[in-house]
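Quick mapping for you: the protein sequence lines, in order, are chains X and C.
If you read the first sequence in the numbering used here, its first letter stands for residue 250, the second for the next number, and so on.
If you read the second sequence in the numbering used here, its first letter stands for residue 250, the second for the next number, and so on.
Any given hint might turn out to be false.
Same chains, same names: a pair is fine if it fits in one copy or spans any two.
[Unchecked claim] When the alpha-carbon atoms are kept at most 20 Å apart in a straight line, the in silico SDA-like pairs for lysine to any residue are as follows:
id: 1; residue 1: Lys427; residue 2: Val524
id: 2; residue 1: Lys552; residue 2: Gly309
id: 3; residue 1: Lys599; residue 2: Gly310
id: 4; residue 1: Lys427; residue 2: Val525
To be clear, the hints were calculated from the coordinates, so they are not data collected in a lab.
2 protein chains.
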Amino acid sequence: MSGLIRSFLAPANTPETQFPLNNLPCGVFSDAEPPRCGMAIGDSILDVQALEARGLLRFGGTLQTGEWTEFMALGPDAWSRLRHDVTGLLAEGSPQEAAVRPFLRPQEGVVLHMPFRVAEYTDFYASRHHATNVGTMFRGVDNALPPNWLHMPIGYNGRASSVVVSGTDVRRPWGQVKGPDDSAPRFAPSARFDIELELGAVVGVASDHPLSVTEADAAIFGYVLLNDWSARDIQAWEYQPLGPFQAKATATSISPWIVMSEALRPFRCDTPARVVPLPDHLCDAGPMLFDIGLEAALAPAGKAETIITRTNYNEMYYSAAQQLAHHTTCGCPMRTGDLLGSGTISGPQKKNRGSLLELSWGGKEPLTLDTGEPRSFIEDGDRLTLRGAATGDGYLVGFGSCTGRVLPAVNDPYARDET
Amino acid sequence: MSGLIRSFLAPANTPETQFPLNNLPCGVFSDAEPPRCGMAIGDSILDVQALEARGLLRFGGTLQTGEWTEFMALGPDAWSRLRHDVTGLLAEGSPQEAAVRPFLRPQEGVVLHMPFRVAEYTDFYASRHHATNVGTMFRGVDNALPPNWLHMPIGYNGRASSVVVSGTDVRRPWGQVKGPDDSAPRFAPSARFDIELELGAVVGVASDHPLSVTEADAAIFGYVLLNDWSARDIQAWEYQPLGPFQAKATATSISPWIVMSEALRPFRCDTPARVVPLPDHLCDAGPMLFDIGLEAALAPAGKAETIITRTNYNEMYYSAAQQLAHHTTCGCPMRTGDLLGSGTISGPQKKNRGSLLELSWGGKEPLTLDTGEPRSFIEDGDRLTLRGAATGDGYLVGFGSCTGRVLPAVNDPYARDET
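Kindly produce the complete structure, drawing on both the sequences and the hints.
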């Protein structure tokens, strides 16, 4: 594992920065000017859109659109060249330091936007600990892990229109619920609103045929933190037989920075040992998970946060490459901007679980926050924040954070004059 | 029910045409020139894109994009005005007949394209006969209708990237399957490839809050025929617990003509009596189903077709308006171009079933085609064609057809040199 790549920007060379030159994640920011493409470096953002406009980067104008989709479609050679070119511009001793400095903006005070247009959103269910925990609660211990689970990554199509960037408030949803003691379903605000701590893989290369695991891995542009907000009471009542629908369609939050696959290369690791052999077309073709430390924090309104879980992306049973390969087996066309949620990333111990459903065991074992308050599910005003970083030799490759505050449900979803 | 609106075009005035002036469906066609917006009239197409370019129609340039999405976003007043204006142009005795005639093209010989960009695709499960039939086969007669089914329209998110226009060949998919006698799953071409005869509702008006049934009805631009190609063997193995995924992502075919909601107004009818009362926000708010006769035909390669089923959209338990209303309960944002499949439309009798799975009862009772051949599921080379029309007083409002031919599976999905 190589060490820190030093920049002429001192804040990018500290061991605690999420954004050293090794990282260079892709985002979209605005200040007085409209949203444009940038890359995070230390506590600054490099305005790569302006750099391309001035001829200091050359990517066919794909960085001029105010988001990364067109650039992502160029494919791995262009992705690698961008990292190479920007590393050259920002490196310690760069002869272009004076030319580049005018294109740096402080991160503080800018607004971060969706970094790409989500074409479609798919969510998987690929941590064995999570699937076992949830399966036990929803279907009993004997039916916890579905019979197909060890043979392919189980996933479902989510709702791309509901994907929002970190910082967006999330309104507690209404929905149809039926508790075990209810004689009939009720239409009510969700009382079991939850997070799912996930990593999202962003597809860069479109395809219209089945991809091998190696091809799928190469088609992934990068990764984001992803919180798949989930209404557990709506989900429990609706999900059989066709899967989650309204329980998962209120919002899915992603981090504003896409960490490119290449930046994560030093942190690649193997999936766990297979319980049963996978079919050939889904077998690992090299280490395709990543050692990325992850955490989720909950802060009640106006109060300090509590870290409610710590886990690691290396806990997954299936890699994003395996998920994408499976996604294409039937010939399903994939497009630039498709977003694949890993599924909730739960580790082996209770403190490593990636959802409140698991952490509070369906509300039967409420957490106690550092403020002394109990929590089974999200309460109005709570702010939930995901964070993640891979740890190198004296440097981090971080995702920043993915945060959102939960607002109370509206009084009447059909009152058009309610403010 | 008012009668035929007569046009100066004689073929639009026959009782057997699918496209009288009462209909005016929206499509995209190309000939020597690139794809552009048109409306079917008799055996012709009116080039409304050219008409707008010449100032004979005025919709802010939304008809200039080669598809209908931007026009659809204008909303119901514009939709109604377009029908009014074009009816005026094409009516018998129209003072503009001479001006309009140069903008008419014969339907024969043009290529029809996707009429709109599918934003996202959702598929429902809303015929009680179909849900009962499939539930009986997949889960046994005691668990046929899931407990939630009578309380809300059950649906799942499908894959927009897989939606294709009628006429597109469909390649038999590979997938993971496990029969009841298999000790382990196999990766193989689907041996139980099927159709689902559906109607698709096309959302015109975007929204970001829960819609009432009345609001949802008004947001629907129009309807298409929809064939949700389904690999039953892949589906049976993968669908629990998160719903259909690869079984439904090879292709979904739609008719090239969108019949606007307003053209179907004379054919509105009520949903069947409720078995249990619906919650207030999903209750019918007027007749929102339509009396539309539907059929599916199967033609083996090089042979005559057999009508394998006849059914009617008035068999649905939930209307598209109720489905869209339910889709938005959690605040799920809807966008112009969202496509909502009705779910397979099966009627009460065996001959009214909308899928081969039901018609052949899972392969146990093969059909006999008019050619004498048996069919349980689709065989390579088979052409499947859906047709539909509402019958007025001396005229039809038709959807044309939605057809596709099934090609054999590739020998090796991962051989990149296979042609």
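Status of each hint after checking the structure:
Taking identical chains as interchangeable, the C-alpha atoms of Lys427 and Val524 lie at most 20 Å apart only when they sit on different chains, with a minimum of 18 Å there against 36 Å within one chain. Taking the closest pair of Cα atoms, Lys552 and Gly309 never come within 20 Å of each other, the shortest separation being 48 Å inside a single copy and 51 Å across copies. Taking identical chains as interchangeable, the C-alpha atoms of Lys599 and Gly310 are never at most 20 Å apart, the minima being 49 Å within one chain and 58 Å between chains. For the homomeric pair Lys427 and Val525, the shortest alpha-carbon distance between copies (15 Å) is at most 20 Å, but the shortest distance inside one copy (37 Å) is not.
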